[in-house]
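Novice: Now for the letters of each chain:
Number of protein chains: 2
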Amino acid sequence: MTEVVLGIDIGGTNTKFGFVDADGNCYESGSMPTNANEDVSAFLPRLFENVDLAIKKSGDSIKLRGIGIGVPNGNYFKGTVERPPNLKWGTVVNLSALIKKHYNIPVALTNDANAAALGEMKYGAAKGMKDFIVITLGTGLGSGIVVNGNLVYGADGFAGEIGHTLVNVNGRWCGCGRRGCLETYVSATGIKRTVYKLLADYTESSELHNYSFNELTAEMITEAGLRGDKIALEAFEYTARILGMKLADTVAHTSPEAIILFGGLVNANELIFTPTLYHMEKNMLAIYKNKVKLLPSKLMNKNAAVLGASALIWKEIEDKGL
Amino acid sequence: MTEVVLGIDIGGTNTKFGFVDADGNCYESGSMPTNANEDVSAFLPRLFENVDLAIKKSGDSIKLRGIGIGVPNGNYFKGTVERPPNLKWGTVVNLSALIKKHYNIPVALTNDANAAALGEMKYGAAKGMKDFIVITLGTGLGSGIVVNGNLVYGADGFAGEIGHTLVNVNGRWCGCGRRGCLETYVSATGIKRTVYKLLADYTESSELHNYSFNELTAEMITEAGLRGDKIALEAFEYTARILGMKLADTVAHTSPEAIILFGGLVNANELIFTPTLYHMEKNMLAIYKNKVKLLPSKLMNKNAAVLGASALIWKEIEDKGL
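Top to bottom, those sequences are chains Z and V.
Residue 76 in my numbering sits at position 88 of the first sequence, and the numbers go up by one each step.
Residue 199 in my numbering sits at position 211 of the second sequence, and the numbers go up by one each step.
Just so you know, the hints here were simulated from the structure itself, not pulled from any lab data.
There could be a bad hint or two in this list.
Claimed, not checked - Below 25 angstroms or equal to it, Euclidean Cα-Cα: the simulated PhoX-like pairs (lysine-lysine) are:
hint: 1; chain 1: Z; residue 1: Lys308; chain 2: V; residue 2: Lys308
hint: 2; chain 1: V; residue 1: Lys66; chain 2: Z; residue 2: Lys277
hint: 3; chain 1: Z; residue 1: Lys308; chain 2: Z; residue 2: Lys88
hint: 4; chain 1: Z; residue 1: Lys115; chain 2: V; residue 2: Lys76
hint: 5; chain 1: V; residue 1: Lys76; chain 2: Z; residue 2: Lys277
hint: 6; chain 1: Z; residue 1: Lys281; chain 2: V; residue 2: Lys277
hint: 7; chain 1: Z; residue 1: Lys118; chain 2: V; residue 2: Lys308
hint: 8; chain 1: Z; residue 1: Lys118; chain 2: V; residue 2: Lys76
hint: 9; chain 1: Z; residue 1: Lys115; chain 2: Z; residue 2: Lys279
hint: 10; chain 1: Z; residue 1: Lys308; chain 2: V; residue 2: Lys303
hint: 11; chain 1: V; residue 1: Lys277; chain 2: Z; residue 2: Lys76
hint: 12; chain 1: Z; residue 1: Lys118; chain 2: V; residue 2: Lys277
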């Protein structure tokens, strides 16, 4: 009988789950649509049904020790989900309590980027590190900050929103209602916006002239860049300059051993890593120079979000002896 | 017999020390010129002589438990002082070992702003808090970040240099060799530079027209502001706008319960606090709004630097059972 935890990742589109042992091996797993417009009271019975089925399938081969959840606006301290931007769950849902009621084992939750950071620490690129930061580049820019081996939750459980630090007070409008947030420049959506800005500014011919905003994806920009398209290359340089500059500010806060990038843009390899490192170093105080590693995630070809959620509850079990 | 620790604050001009009990009561204390141009091998015998004399004076009334030191570029992990900007001590001095050799009791050191943060936590405005940040406004801008009850030292012991985060890539030249650092705008020196900029930009009459750069002090700007001088008032608004904007970025990292300001500029009271809070709130993500307290230090009329250094070693003694 293998001891496992259940990792659940609740996204705006899909909810994924899996049973994960302490070494990161994933056993039975599953996925279901989140149905972002339905209430949590409709969502949970569907989730329980799917999970219960997977438990049944596994039979006596696993022993379930706890449940870890990554969810937008998840509050680690309270076990609540508060005003999730992409879910119609209302103001505050005590998700942890609702799930504990059903399974009666330890439950912990946090947001997806924090879970990603714990996943990298337990199974990925941050193994053995005590001070590092994970930056997730998706629709937005998420971040999880680890200091001295522990995730920084802050006074309210909502620390680590580097995507909403300020690049330019008169800058791009952000989904959060403000202007100039880092994620409006640095994210899958941000680089799309940058391509459109560059197509407006330059006369350079580019294969990216052929796509509407809705058609264009970060993958297409990455592929164009790898083929040498000048607008795509300039978009990566523009993105990396802003990311590097803001990461230098971040280093001046917690002085991490490494910063780990996660998300599709990471597949652009040196197109993103080389200029980001250059601009980070250029903007850093002398005492920090040539110390901070900039690394790709090691969980990108795995079930990263589920692994992250599982790492959260494994850490609880280990730290608190649950 | 009272159990005390020795707190030592090594500044560019003076070195202060004092015996401090666990409640922050300061017993025998002293001060000597640092003599910034002399080597550490000349500095230390002078320090030992002064401290030994104070120990002798105290006789059997105190029991010395340990020594805490606040020093520019002090590395908590290594006990070293590395390239201190205002001391001619060379590259790396293992100050902790040299002092331990003489007194043979526990010794710990960190930089002055970190010591200030620990001082506020043990004796001052952050009593009972686990997540807060102290900003010291002096010649430069120092910061000490506390997360979950512990100071953030980072991977290398040098975390918390918020004074060197970037306001403007083409901004004011900084003593660190770069441009646009926060401390070039927000510090006693920064507000002087701002007054000079405003005197250049505006035709408004001001009592500050009467002073050379070398004559002008932050105290004079504060007093002029409190008397209603328009240039001084605008200088506070300018300073506070930049500080508030950058503090919003800082909150997005560690989400503190409070940010505590220390230094002469704090005496300007609402001239600095009201606009800083306004601009911090204006630039913060919705989830952080109306949560973070902006407070004045409670150690400013006390021997703050010595208390901070003493708090560092008290924390070591308590955490590690020394």
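Novice: Below or equal to 25 angstroms on CA atoms is what counts here, so check Lys76(V) against Lys277(Z).
Specialist: Holds, because 22 angstroms separates the two Cα atoms, which is no more than 25 angstroms.
Novice: Measure nothing beyond the straight line between the CA atoms of Lys308(Z) and Lys308(V); if it is 25 angstroms or shorter, mark the hint as holding.
Specialist: 20 angstroms, holds
Novice: Check whether the Cα positions of Lys277(V) and Lys76(Z) lie no farther apart than 25 angstroms.
Specialist: At roughly 22 angstroms apart (the allowed maximum being 25 angstroms), Lys76(Z) and Lys277(V) satisfy the hint.
Novice: Is the Cα-Cα distance between Lys115(Z) and Lys279(Z) 25 angstroms or less?
Specialist: 18 angstroms, holds
Novice: Do the alpha carbons of Lys115(Z) and Lys76(V) lie within 25 angstroms of each other, as the hint requires?
Specialist: 40 angstroms, violated
Novice: Does the structure keep Lys118(Z) and Lys277(V) at a Cα separation of 25 angstroms or less?
Specialist: Cα-Cα ~30 angstroms, so violated.
Novice: Would you check the hint for Lys118(Z) and Lys76(V), treating anything up to 25 angstroms between C-alpha atoms as holding?
Specialist: It is violated: about 33 angstroms lies between the C-alpha atoms, which goes past 25 angstroms.
Novice: Is it true that the CA of Lys308(Z) sits at most 25 angstroms from the CA of Lys303(V)?
Specialist: 23 angstroms, holds
Novice: Could you grab the alpha-carbon distance between Lys281(Z) and Lys277(V) and see if it respects the 25 angstroms cut-off?
Specialist: Between Lys281(Z) and Lys277(V) the Cα gap is close to 33 angstroms, so the pair fails against 25 angstroms, i.e. violated.
Novice: So if I understand the rule, the pair passes when the alpha-carbon distance is 25 angstroms or less; does Lys118(Z) with Lys308(V) pass?
Specialist: 19 angstroms, holds
Novice: Lys308(Z) and Lys88(Z): Cα distance at most 25 angstroms?
Specialist: 17 angstroms, holds
Novice: For a C-alpha distance cap of 25 angstroms, please report whether Lys66(V) and Lys277(Z) respect it.
Specialist: 18 angstroms, holds
The structure shown violates the earlier hints numbered 4, 6, 8 and 12.
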